[in-house]
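A.B. asks: Chains A and B, in that order, give the protein sequences. Just so you know, we're using this note's numbering here: the first sequence kicks off at 1 and counts up by one. Just so you know, we're using this note's numbering here: the second sequence kicks off at 1001 and counts up by one.
Just so you know, the hints here were simulated from the structure itself, not pulled from any lab data. Do not rely on the hints blindly, as some may be mistaken.
Stated by the list, open to error - FRET-style restraints, in silico, Cβ to Cβ:
id, chain 1, residue 1, chain 2, residue 2, range
1, A, Asn-82, B, Glu-1314, 48 to 54 Å
2, B, Glu-1044, A, Ala-114, 46 to 52 Å
3, A, Arg-40, B, Ser-1168, 25 to 31 Å
4, A, Gln-359, B, Gly-1167, 53 to 59 Å
5, A, Thr-267, B, Thr-1100, 36 to 42 Å
6, A, Pro-88, B, Glu-1314, 52 to 58 Å
7, A, Pro-187, B, Gly-1241, 43 to 49 Å
8, A, Glu-212, B, Ala-1216, 35 to 41 Å
9, A, Gln-25, B, Arg-1073, 45 to 51 Å
10, A, Gly-84, B, Gly-1241, 49 to 55 Å
11, B, Arg-1279, A, Pro-213, 43 to 49 Å
For clarity, every value in this text was computed on a predicted model and none was experimentally measured. Backbone N, C-alpha and C define an ideal beta-carbon position, used for all residues, glycine too.
Here's the letter readout for the chains.
Protein chains: 2
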Amino acid sequence: MVFLSISRRTRRTPFTGINQRLGVQSYTVYNRMLLPAYFRSLEEDYVHLCQHVQLWDVSAERQVEIRGADSGRLVQLMTPRNIGTIAPGCCGYIPLIDETAGIVNDPVLLCFSANRYWLSVADSDVVLWAHGLAYGLGLDVEVFEPAVFPLGVQGPKSDDLMARVFGSQVRGLKFFHFAQMSFEGHPLVVARSGWSKQGGFEIFLDDEALAEPLWAALWAAGEDLSVGPGCPNGIERIESGLLSYGNDMTLENNPLECGLGRYCDLTSPLEYMGRDALRSIAAEGVKRRMCQMIFEGPVVELVPPFAVLAEGEEVGQMTSCCRSVRYGSNLGLGLVRADRAYVGSTIEVVHDHAVRRGQVREVYGDMQG
Amino acid sequence: MVFLSISRRTRRTPFTGINQRLGVQSYTVYNRMLLPAYFRSLEEDYVHLCQHVQLWDVSAERQVEIRGADSGRLVQLMTPRNIGTIAPGCCGYIPLIDETAGIVNDPVLLCFSANRYWLSVADSDVVLWAHGLAYGLGLDVEVFEPAVFPLGVQGPKSDDLMARVFGSQVRGLKFFHFAQMSFEGHPLVVARSGWSKQGGFEIFLDDEALAEPLWAALWAAGEDLSVGPGCPNGIERIESGLLSYGNDMTLENNPLECGLGRYCDLTSPLEYMGRDALRSIAAEGVKRRMCQMIFEGPVVELVPPFAVLAEGEEVGQMTSCCRSVRYGSNLGLGLVRADRAYVGSTIEVVHDHAVRRGQVREVYGDMQG
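Take the sequences, apply the hints, and build the full model.
C.D. replies: What follows is the structure, given as structure tokens:
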């Protein structure tokens, strides 16, 4: 265990003081901003998340705003997904790729109109990427990071809690839709989204002065729902197969091998960076596939990435790993050589000279690649 | 004190295992990579650095390589400094700005030739910025992050230590010059540079397998020089007035107010982004200036940024702060309103309802702005 040295550069959020009062024990740094990693322990946080409702300071999920006449053109240039299918008021998961089809980020897009978008980004400077492209191409857009700080409300009791604070209309919000909702007379963007599969919402706070009142209102309304502090949980996200940019995929990977083929338009005449590269990869067939893997033995102390073997030969890498509560075993995500990437395929992990046996539990993606 | 949760995303370096064996206590995350923050304590590390020699894992100082026929054009586009003055074999500090003159990063440039450069970057994704610009402009360049991991050798005994491992030729290397030097038959780029004012070198390791042997060779050769592990030291850098991107300057700041006017060519017909914006700022005069400030009282527990006052009125911000060993007082850096930015100007900091008196010790820059 090591400490984290905090400075202005590892940006605090409007909720950092609250997190500290509520006993956050560990942080990670995400988009150069503090993101809580656990409060009690990964396991205790996990159990609570799956049963109750948690408030998550996910300010580190920065918004990149793209505004202006060429907004749609710029967003489409960056992603292989057809953004024409994402209507105003809707969210869409859009992998961003460069001209080699390497993944630059995997944000959730919020479409306000054909002239205004937010990219709710994973951990890389999409604001510099989009700004550089726009400047070079002479596009009529503004690209900037607005002062918006998402607060997640996650867990099976999220609807009940949100309805008490924002009214019952929130129950009607469909998955990956968003709407303006009022808090103390201030309109806030609220989406049914979030980085877990336990259900929930994200409130895009755009007024720092409302951070304490908003948290306090949710906290008070959730007392009998056992509301607690939380954060994206390493166990839950690996069990749910939610990929993490920087962990499970980097600029070295393409979306087809990562199981994101359903977000890649390979056939229409859509113009985007990396289209030709993606088509070549699809034509040749991917060499690796993203898998969820389980393996036996005591809690593994290896820090990813580490090798995945089959009959002693290296066939892939584990890029995230946890002790799964659901399966009572070690569980991880990573890319596995295509011929070994099928459900039930046996694998091995070597730790401390001991061979741990395991198997592939799931292969992600639609085999399109 | 909070812990740091480490994952693949917060990248380990080839030296991370060594740092952990030698007792690193705290990290920061810099360019999505682990950067040690202190080993014993900031104060003890400082005292050792100023007297002896330290090995620093500054792998987090990533290199962005720009290679190809349009390399020079791209690098020049990004910086207001005339890069024509930086010859092959030389380093140059080059602030990068956008079209509003906002600072994007402040790397050290290493010029290999007119067709090949490294930008040794501070904490933002210059690789995405440069790549986006190059793609948009259709430039004939490759932009990528090579697998290069700088190892700093810093402190007054650096020359003695380096001469024992690389030969006495290293003593002849001028400040901000670099050369290829051999280690175990492998050529390595060695520069007289580094993020302290205690003297020293950076060795740009490009072969991970050499990390342990290189560290071991320097360690063994330095035994009687009291060689120790270290890292960029918060006290030393504030005393020395070394600005930190993300702390003392961000995209919200321009190089003129940050005292970097001597790196800005405002008069020649040089073509770079933000030239017109910089000229306007220079013509109007800067509104704030970067200052080093001292203030009284016990060790301050405030985490920057915090307000700097004068006669009760807010006149600036402290963006970095430490307990200075040299001055036995609190010492910080930050921008102060131009009319209050002069040596001896009195300031105040409020902490825990107590007013701490202080003054401006130094104003950075050449007043060109």
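A.B. asks: Work down the list of hints and note, for each, if the structure agrees.
C.D. replies: The hints, checked one at a time:
1. A/Asn-82 to B/Glu-1314: 48 to 54 Å: holds, 50 Å
2. B/Glu-1044 to A/Ala-114: 46 to 52 Å: Since the Cβ atoms of B/Glu-1044 and A/Ala-114 sit about 59 Å apart, the hinted range of 46 to 52 Å is violated.
3. A/Arg-40 to B/Ser-1168: 25 to 31 Å: The hint (25 to 31 Å, Cβ to Cβ) is violated, given that A/Arg-40 and B/Ser-1168 are roughly 58 Å apart.
4. A/Gln-359 to B/Gly-1167: 53 to 59 Å: holds, 55 Å
5. A/Thr-267 to B/Thr-1100: 36 to 42 Å: For A/Thr-267 and B/Thr-1100 the Cβ distance comes to about 40 Å; the hint holds.
6. A/Pro-88 to B/Glu-1314: 52 to 58 Å: The hinted range 52 to 58 Å is violated for A/Pro-88 and B/Glu-1314, with Cβ atoms some 41 Å apart.
7. A/Pro-187 to B/Gly-1241: 43 to 49 Å: holds, 45 Å
8. A/Glu-212 to B/Ala-1216: 35 to 41 Å: violated, 52 Å
9. A/Gln-25 to B/Arg-1073: 45 to 51 Å: holds, 49 Å
10. A/Gly-84 to B/Gly-1241: 49 to 55 Å: Holds - the Cβ-Cβ distance for A/Gly-84 and B/Gly-1241, about 52 Å, lies within 49 to 55 Å.
11. B/Arg-1279 to A/Pro-213: 43 to 49 Å: Cβ of B/Arg-1279 to Cβ of A/Pro-213: about 45 Å, so the range 43 to 49 Å holds.
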